[in-house]
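Q: Here's the letter readout for the chains.
There are 2 protein chains.
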Amino acid sequence: MRYELYYWPQIQGRGEFVRLALEEAGADYVDVARQPGGEDRMMRLMQAAGPKTPPFAPPILKAGRLVIAQTANIMLYLGDHLALAPRSEAGRLWAHQLQLTIADLVVEIHDTHHPIGSGLYYEEQKPESARRADDFRVHRAPKFFDYFERVLAVSGGPYLTGRRATYADLSLFQVIDGLRYAFPKLSGRLGRKHPHVVDLHARVSARPRIAAYLKSERRIPFNEMGIFRAYEELDG
Amino acid sequence: MRYELYYWPQIQGRGEFVRLALEEAGADYVDVARQPGGEDRMMRLMQAAGPKTPPFAPPILKAGRLVIAQTANIMLYLGDHLALAPRSEAGRLWAHQLQLTIADLVVEIHDTHHPIGSGLYYEEQKPESARRADDFRVHRAPKFFDYFERVLAVSGGPYLTGRRATYADLSLFQVIDGLRYAFPKLSGRLGRKHPHVVDLHARVSARPRIAAYLKSERRIPFNEMGIFRAYEELDG
Numbered sequence: 001m002r003y004e005l006y007y008w009p010q011i012q013g014r015g016e017f018v019r020l021a022l023e024e025a026g027a028d029y030v031d032v033a034r035q036p037g038g039e040d041r042m043m044r045l046m047q048a049a050g051p052k053t054p055p056f057a058p059p060i061l062k063a064g065r066l067v068i069a070q071t072a073n074i075m076l077y078l079g080d081h082l083a084l085a086p087r088s089e090a091g092r093l094w095a096h097q098l099q100l101t102i103a104d105l106v107v108e109i110h111d112t113h114h115p116i117g118s119g120l121y122y123e124e125q126k127p128e129s130a131r132r133a134d135d136f137r138v139h140r141a142p143k144f145f146d147y148f149e150r151v152l153a154v155s156g157g158p159y160l161t162g163r164r165a166t167y168a169d170l171s172l173f174q175v176i177d178g179l180r181y182a183f184p185k186l187s188g189r190l191g192r193k194h195p196h197v198v199d200l201h202a203r204v205s206a207r208p209r210i211a212a213y214l215k216s217e218r219r220i221p222f223n224e225m226g227i228f229r230a231y232e233e234l235d236g
Numbered sequence: 001m002r003y004e005l006y007y008w009p010q011i012q013g014r015g016e017f018v019r020l021a022l023e024e025a026g027a028d029y030v031d032v033a034r035q036p037g038g039e040d041r042m043m044r045l046m047q048a049a050g051p052k053t054p055p056f057a058p059p060i061l062k063a064g065r066l067v068i069a070q071t072a073n074i075m076l077y078l079g080d081h082l083a084l085a086p087r088s089e090a091g092r093l094w095a096h097q098l099q100l101t102i103a104d105l106v107v108e109i110h111d112t113h114h115p116i117g118s119g120l121y122y123e124e125q126k127p128e129s130a131r132r133a134d135d136f137r138v139h140r141a142p143k144f145f146d147y148f149e150r151v152l153a154v155s156g157g158p159y160l161t162g163r164r165a166t167y168a169d170l171s172l173f174q175v176i177d178g179l180r181y182a183f184p185k186l187s188g189r190l191g192r193k194h195p196h197v198v199d200l201h202a203r204v205s206a207r208p209r210i211a212a213y214l215k216s217e218r219r220i221p222f223n224e225m226g227i228f229r230a231y232e233e234l235d236g
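In the order they appear, the protein sequences are chains A and B.
Counting in my numbering, the first sequence runs from 1 upward without gaps.
Counting in my numbering, the second sequence runs from 1 upward without gaps.
Misleading hints may appear alongside valid ones.
If chains are identical, the list can't say which one is meant, so a pair holds when it fits in one copy or spans any two.
Capping the alpha-carbon separation at 27 Å, the derived lysine-lysine pairs in DSS-like fashion look like this [claimed, not checked]:
| hint | residue 1 | residue 2 |
| --- | --- | --- |
| 1 | K143 | K193 |
| 2 | K52 | K193 |
| 3 | K126 | K143 |
| 4 | K143 | K52 |
| 5 | K185 | K62 |
Everything labelled a hint here was simulated from the structure, so no lab data went into it.
So that you can see chain A by itself, here it is in the shape it has in the complex (with noise of 0.2 Å):
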């Protein structure tokens, strides 16, 4: 089957997630609002779609009749059509549980530069956005991290779910690159307790496939539009 993928096509955001996901399965995929004219199918798809599943936002993916929204529901899917979870009930709903603590901190980590409002400019909102990210560096990103790191310890690891790579690995990788994008500094300061967390986006990053296509053009690179964003007074 040949996938499509619907995404913003300026930024990584949400959509990297099921990027990822893809291209470590060697999927046959298309992204389609990066093609001549995508942008307008993306607009129409999200006027339209199923017709009786209309989409609330991008990322979408099309897999043959289903249209299916939602990050952490497209990893579900995958997870099970690409073989990028266990198969078992326990494992499914442990590798999903572990998708949806990454969403939680994915928006937190968004809300450092957006705490007022999405539909805002940074520069509208930066004095809040100061004090968030306060917050985050002080409180919400150590207690994420601590929380990864204890999962990869009970785990056995190298894994979060044990030997094996699955959808949730991917994108932690994925929340740990942009922060080190974004927050280079509290993230230099975070690698050093929570060794796991570090081997895990070490081992994500050299698996070839996931190596091939960070190198490609299909990679976006980090910018100031997406959810990482490197806006050094932010950093502390």
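Since the structure of chain A is provided, determine the placement of chain B on it from the hints.
A: For chain B alone, coordinates are given in the frame of chain A:
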């Protein structure tokens, strides 16, 4: 099977989505942290769960040997086991997609009174809350209501996925109910433009088991420690 729900005993919070599903299904469950000594049991579970699937935060559902966290993940499990979701893959994914969109809305509602830090008091972030709540009332709440109104129109109703109620309907009921408590003026305005959403709230609240639950002592009243807080100044 007797399910065990672990959640903060003082608030509805995210545990309420799980309670509504268990109640609608007439499931045998214990709200552990509301029993004598139960909060200690919850804290111990958070330290030792699984032991291979530690939760990041409550709510947590124990179902036999499974220890499941993340609200939407618990709903995914209960949807299958309590017949609160469609059985087909497409239907299961669609119900879950809706639940995840509701979860996004819940975060945005929470952040109207906690835009800076969940560990701070509201009183420590009142100016920021005023701005965030303004954006929520003007932009975000209408966008979500428009979306769910559209879903209900497309589904043929009366429920989000069609003729049968799913866990997503119970969750949307809870959000509408909470918004009426926290944002009565906004809810009045939105209700006039979103008749399907209003109808869904009425239908869910009239379902026999839900109606009995809402009148019971098992339903914790809304209060100013939870997600939905009646701060008049945030309602515009």
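Q: Does each hint hold? Answer for all of them.
A: Each hint tested on the structure:
{"no.": "1", "hint": "K143 - K193", "verdict": "within (12 Å within a copy, 41 Å between copies)"}
{"no.": "2", "hint": "K52 - K193", "verdict": "between (47 Å within a copy, 21 Å between copies)"}
{"no.": "3", "hint": "K126 - K143", "verdict": "both (24 Å within a copy, 25 Å between copies)"}
{"no.": "4", "hint": "K143 - K52", "verdict": "between (39 Å within a copy, 18 Å between copies)"}
{"no.": "5", "hint": "K185 - K62", "verdict": "neither (39 Å within a copy, 39 Å between copies)"}
This entry does not satisfy hint 5, going by the numbered hints stated previously; all others are met.
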